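Those sequence lines, one after another, are chains A and B.
Per this note's numbering, residue 1 is the first one in the first sequence, and the count goes up by one each step.
Per this note's numbering, residue 1001 is the first one in the second sequence, and the count goes up by one each step.
Hint data in this document are derived by calculation from the structure and do not stem from the laboratory.
Accuracy of the hints is not assured; some may be wrong.
What the hints assert, rightly or not - Straight-line distance between alpha carbons at most 30 Å, and here's what the computed DSS-like set of lysine-lysine pairs gives:
1. LYS1007(B) - LYS5(A)
2. LYS1202(B) - LYS51(A)
3. LYS5(A) - LYS1191(B)
4. LYS1040(B) - LYS1007(B)
5. LYS52(A) - LYS1013(B)
6. LYS52(A) - LYS1007(B)
7. LYS1202(B) - LYS1168(B)
8. LYS1040(B) - LYS1021(B)
9. LYS1021(B) - LYS51(A)
10. LYS1154(B) - LYS51(A)
11. LYS5(A) - LYS1013(B)
12. LYS51(A) - LYS1214(B)
13. LYS5(A) - LYS1202(B)
14. LYS1154(B) - LYS1191(B)
15. LYS1154(B) - LYS1165(B)
16. LYS1202(B) - LYS1007(B)
17. LYS52(A) - LYS1021(B)
18. LYS52(A) - LYS1168(B)
Said to hold, decoys possible - Computed list of chain A residues with no C-beta within reach of chain B, every gap over 12 Å:
19. ALA29
20. ALA35
21. VAL42
To be verified - So the derived list for chain A, only partly shown, Cβ under 10 Å to chain B, looks like this:
22. LEU7
23. LEU8
24. SER25
25. PRO47
26. ILE50
27. LYS52
Quick caveat, the model's predicted, so the values are computed rather than measured.
We put the CB at the ideal spot given by N, CA and C, even for glycine.
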Amino acid sequence: MNYVKGLLDQIGLGSQRLEMYFLSSAEGARFAEIATEMTERVRQLGPNPIKKLEIGD
Amino acid sequence: MIIGQQKPLDEIKQIIADYQKVLILGCGTCVTVCFAGGEKEVGILASALRMATGLEGQPREFVEATVQRQCEYEYNEEVADLVREADAVLSLACGIGVQTMNERFPEKITLPGLNTSFLGQPAEQGIWAERCQACGNCVLALTGGICPIARCSKSLLNGPCGGSKNGKCEIAPDVDCAWQLVYDRLKALGKLELMTEIQPAKDWSTSRDGGPRKIVREDLRL
């Protein structure tokens, strides 16, 4: 995780776009909370800038 | 094996700044095993560079390839066409591979994407440790198979020194005292008398002190 986050920062995409959570299948409410939190975060960061580049990778 | 570590992406970007089409060339031997410059790392680096240079508004073309052993001309022959078509080669091999490429393809520059770190072994998952300094005159028979040249911080031949404490070296608490290891090993082997033999000052002429080294085997020459 730290490695990939570092790589995302170096690339210029930003490490905030990636997060890992540990939770069991019984934690539905927590899952929804995390999904909402990440959705909100990504919305604030804006669309993936790579998508505009058409580099096909 | 030779242990290497990939250079930071920013440094790699500077290294390749003058070239538009870059062949990223991995090596399938040592640096594959230490996860620094094999086929997988070539793929990750190429993707990262495509994205990074694209985001900076200066997209470049990156071609990916990996040869079995970049330190031998024969293997590099396989990528001759790719080298010809590229503006430069970014090698993920050790310094030997980089130089072999430059010697084999002098018309094209091969640049280093790795820092060649040391000769060592995978000590644990994700941890590599130095084991040899290629001094050219092996003393492992005297030291129970533990190298005091590579593993003692002072490369002492008659250790330990006063900086050995509870089996650790004074330079850092997580560094083993090589001479403690030698002592423990010789004791286990019933060869402690080897500790009492005073070794004369080492002749470093077989090491780097003698200048660049070369071995000539007349029986193998053509």
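Status of the hints after comparison with the structure:
1. LYS1007(B) - LYS5(A): Holds: LYS1007(B) and LYS5(A) sit about 16 Å apart, inside 30 Å.
2. LYS1202(B) - LYS51(A): violated (61 Å)
3. LYS5(A) - LYS1191(B): Distance ~51 Å between LYS5(A) and LYS1191(B) Cα, so the pair is violated.
4. LYS1040(B) - LYS1007(B): Holds - the C-alpha atoms of LYS1007(B) and LYS1040(B) are around 16 Å apart, at most 30 Å.
5. LYS52(A) - LYS1013(B): holds (21 Å)
6. LYS52(A) - LYS1007(B): With Cα atoms ~28 Å apart, LYS52(A) and LYS1007(B) stay inside 30 Å; holds.
7. LYS1202(B) - LYS1168(B): holds (24 Å)
8. LYS1040(B) - LYS1021(B): holds (20 Å)
9. LYS1021(B) - LYS51(A): Holds. LYS1021(B) to LYS51(A) sits at ~22 Å (cutoff 30 Å).
10. LYS1154(B) - LYS51(A): violated (54 Å)
11. LYS5(A) - LYS1013(B): Holds, because 18 Å separates the two Cα atoms, which is no more than 30 Å.
12. LYS51(A) - LYS1214(B): violated (52 Å)
13. LYS5(A) - LYS1202(B): Distance ~47 Å between LYS5(A) and LYS1202(B) Cα, so the pair is violated.
14. LYS1154(B) - LYS1191(B): This hinted pair holds, its Cα atoms lying about 23 Å apart.
15. LYS1154(B) - LYS1165(B): Answer holds: LYS1154(B) to LYS1165(B) is near 15 Å, not above 30 Å.
16. LYS1202(B) - LYS1007(B): violated (35 Å)
17. LYS52(A) - LYS1021(B): The hint holds at about 21 Å.
18. LYS52(A) - LYS1168(B): Distance of about 55 Å is beyond 30 Å: violated.
19. ALA29: Check passes; 35 Å lies beyond 12 Å.
20. ALA35: Holds, because the least Cβ-Cβ distance between ALA35(A) and chain B comes to about 25 Å, which exceeds 12 Å.
21. VAL42: Holds, because the least Cβ-Cβ distance between VAL42(A) and chain B comes to about 17 Å, which exceeds 12 Å.
22. LEU7: holds (6 Å)
23. LEU8: holds (9 Å)
24. SER25: violated (28 Å)
25. PRO47: At 13 Å from the nearest chain B Cβ, PRO47(A) fails the 10 Å test, so the hint is violated.
26. ILE50: ILE50(A) check passes; min Cβ-Cβ to chain B is 6 Å, inside 10 Å.
27. LYS52: Holds - the Cβ of LYS52(A) comes within 10 Å of chain B, reaching about 9 Å at its closest.
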